[in-house]
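Listed here are the chains, written in short residue letters.
2 protein chains.
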Amino acid sequence: MKTYFDCIPCFLRQALDAVRAVTDDPRKQEMILRGVLHLTSQMDLKDSPPSMGKRIHSLIREASRNSDPYLAIKERCNRFAHDLMPWARRTIESASDPFECAVRLAIAGNILDFGVQRVFDEESARKIIEGVLHAPIDLDAIRQLHSEVAEAKKILYLGDNAGEIFFDRLLIEQLPCERVTFAVRGAPILNDVTRADAVTCGLTEMVNVIDSGSDAPGTILEDCSVEFRAHFTAADRVIAKGQGNYETLSDEDAPIWFLLKAKCPVIAQDLRCENGALIVRWQHPTGGEQKQRSILTCQETEKAGEDPIIRH
Amino acid sequence: MKTYFDCIPCFLRQALDAVRAVTDDPRKQEMILRGVLHLTSQMDLKDSPPSMGKRIHSLIREASRNSDPYLAIKERCNRFAHDLMPWARRTIESASDPFECAVRLAIAGNILDFGVQRVFDEESARKIIEGVLHAPIDLDAIRQLHSEVAEAKKILYLGDNAGEIFFDRLLIEQLPCERVTFAVRGAPILNDVTRADAVTCGLTEMVNVIDSGSDAPGTILEDCSVEFRAHFTAADRVIAKGQGNYETLSDEDAPIWFLLKAKCPVIAQDLRCENGALIVRWQHPTGGEQKQRSILTCQETEKAGEDPIIRH
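Those sequence lines, one after another, are chains W and P. Numbering follows our numbering, in which position 104 of the first sequence is assigned residue number 104; successive positions increment by one, without gaps. Numbering follows our numbering, in which position 201 of the second sequence is assigned residue number 201; successive positions increment by one, without gaps.
Only chain W is shown next, with the shape it has when bound in the complex (with noise of 0.2 angstroms):
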């Protein structure tokens, strides 16, 4: 996905939350910000939004010397995940069809993400995973993806956020564990999820654990390491959830499903979804056939004269 005029004054806010988690020093702050609306004034707009995150959070992370300005707000999000792990196992145990619940929760915890969000309240967030067990969800892409991991013999499972890493790891418990790899980023980014909290949540213990030796909230395949570009060719599937992964990945010729929930209005546009929505989407490959699909579609849009941006 590109960048979308819409997602910079979102950067701005974004750089402004981060700035204020690094540093009191107003000093500091102007000068980062300052630094960050340089390098926005540059940005190339066919990069994904991910991409330039990634560089504006190098920076920060340079300016006030911190290299993971978000690792008390990522083990505060594994906490509370961890906390409700009971609840989730009971929920799921219960359900007339444990993979769809599991599924569903997957997709919940996705919410624990403060690249999009801006404070985190644990009572709204508790309510919001409860109203994901029932909210409009496509369940025939449910039960596609069931009998296609049932199937695949490799399966690269893409992370997105700490906290969510748990209720990655229930759907995980779904899928036949030993064809399962799990990718974490290459370094701290945001509240994305690394290898610690893998550790953390167990899941080294169960499945294959690489990370995908980029610090890019999402996965910019020519910025990943070759063993995860190795990876990432090899798997029959992939499971890709959150934002990030969408955003990097939305384009690429690759058997990938994403999961997520649609969290801004340019996301939701490019989902042609509404804001909100729970999308479980199957990105056919197509040998290069869908790439000129999706460009021949926006010179038909542009040619309708309909303006590609979001108006919100």
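Some hints here could point you the wrong way.
No copy is singled out in the list; a pair is fine if it fits within one copy or between any two copies.
In silico DSSO-like pairs for lysine-lysine, Cα to Cα no more than 27 angstroms straight-line [said to hold, decoys possible]: (1) Lys2 - Lys28; (2) Lys46 - Lys28; (3) Lys2 - Lys263; (4) Lys46 - Lys263; (5) Lys154 - Lys263; (6) Lys28 - Lys154; (7) Lys127 - Lys2; (8) Lys154 - Lys46.
It is worth saying that the hints were derived from the structure and are not from the lab. Model, not experiment: these values are computed from the prediction.
Let chain W serve as the given structure and place chain P on it in line with the hints.
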């Protein structure tokens, strides 16, 4: 009022709305947005937000070769306000305190502001205006304003937006008109009021109308004409409408009554009021003392470890 960090994402959001209003060409939109990002990266945060607004919208007008991008919106606001006038006059005539009612309506007109709001929905606007008639307001301040304008020798009334100017006229009808000078902006900026709007609503036939000599969406005194500054200095009461005039004059040591609706959390924090509050506020001239007090208060705030920046 200085520019707060939280104003920065808002500048970008406003610029994005504005570039979409002036051109449908995505390349031009991108070029202008990059220019705005570059400008913002170099701005002096000690300047008020309208100082930045002036530069941003000047860049947009130049790049789009459109000297008055908000002309159609201004005409629409004027028509909308014009059509409400029979109702508004009846409301004032039947009010137990016509002056208070006129002040309320003048503040109500301040919702017609396209620097802050993004969509103009006439039905909602009408409801908000009606709501202002019964909303909490400082009645003592209104009584004080009433007695002061009765005694004032020279009243300078600083207009704000098109449409709103019709409501200003209703308040001016309650003032000693022969002692009132009404000021408009020196050139088109956003949907701010210019001489053309003063003519449209008939104010030029009622009172002396001058312009600020500046295209800032507020009153940056050093950017105003000598003639305007002479009027400002000579006035024993200034009535300053709207956020732009507040942001640019809140640190001036002058006898100003601010009438506005606080429409963003940054201004609400600066005014120490709830967002959405109706403001009737007297700024005592102190011959320099006040500025010193503000500085002291600011230092005290910093000492107390309070974050001077809004979080929202």
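Verification of the supplied hints:
With identical chains, the CA atoms of Lys2 and Lys28 are at most 27 angstroms apart between copies only, with a shortest distance of 18 angstroms across copies and 30 angstroms within one. For the homomeric pair Lys46 and Lys28, the shortest alpha-carbon distance between copies (16 angstroms) is at most 27 angstroms, but the shortest distance inside one copy (30 angstroms) is not. For a Cα distance limit of 27 angstroms, the shortest separation of Lys2 from Lys263 inside one copy, 17 angstroms, qualifies, whereas the shortest one across copies, 33 angstroms, does not. Taking the shortest Cα distances, Lys46 and Lys263 sit within 27 angstroms of each other inside one copy (21 angstroms), while across copies they are farther apart (35 angstroms).
Taking the closest pair of Cα atoms, Lys154 and Lys263 never come within 27 angstroms of each other, the shortest separation being 29 angstroms inside a single copy and 54 angstroms across copies. In this assembly of identical chains, the alpha carbons of Lys28 and Lys154 never lie at most 27 angstroms apart, being 46 angstroms within a copy and 46 angstroms across copies at closest. When the C-alpha separation of Lys127 and Lys2 is checked against a cutoff of 27 angstroms, the pair qualifies neither within a copy, at 32 angstroms, nor between copies, at 39 angstroms. For the homomeric pair Lys154 and Lys46, neither the shortest alpha-carbon distance inside one copy (31 angstroms) nor that between copies (57 angstroms) is at most 27 angstroms.
In terms of the numbered hints stated before, the structure departs from hints 5, 6, 7, 8, listed from lowest to highest.
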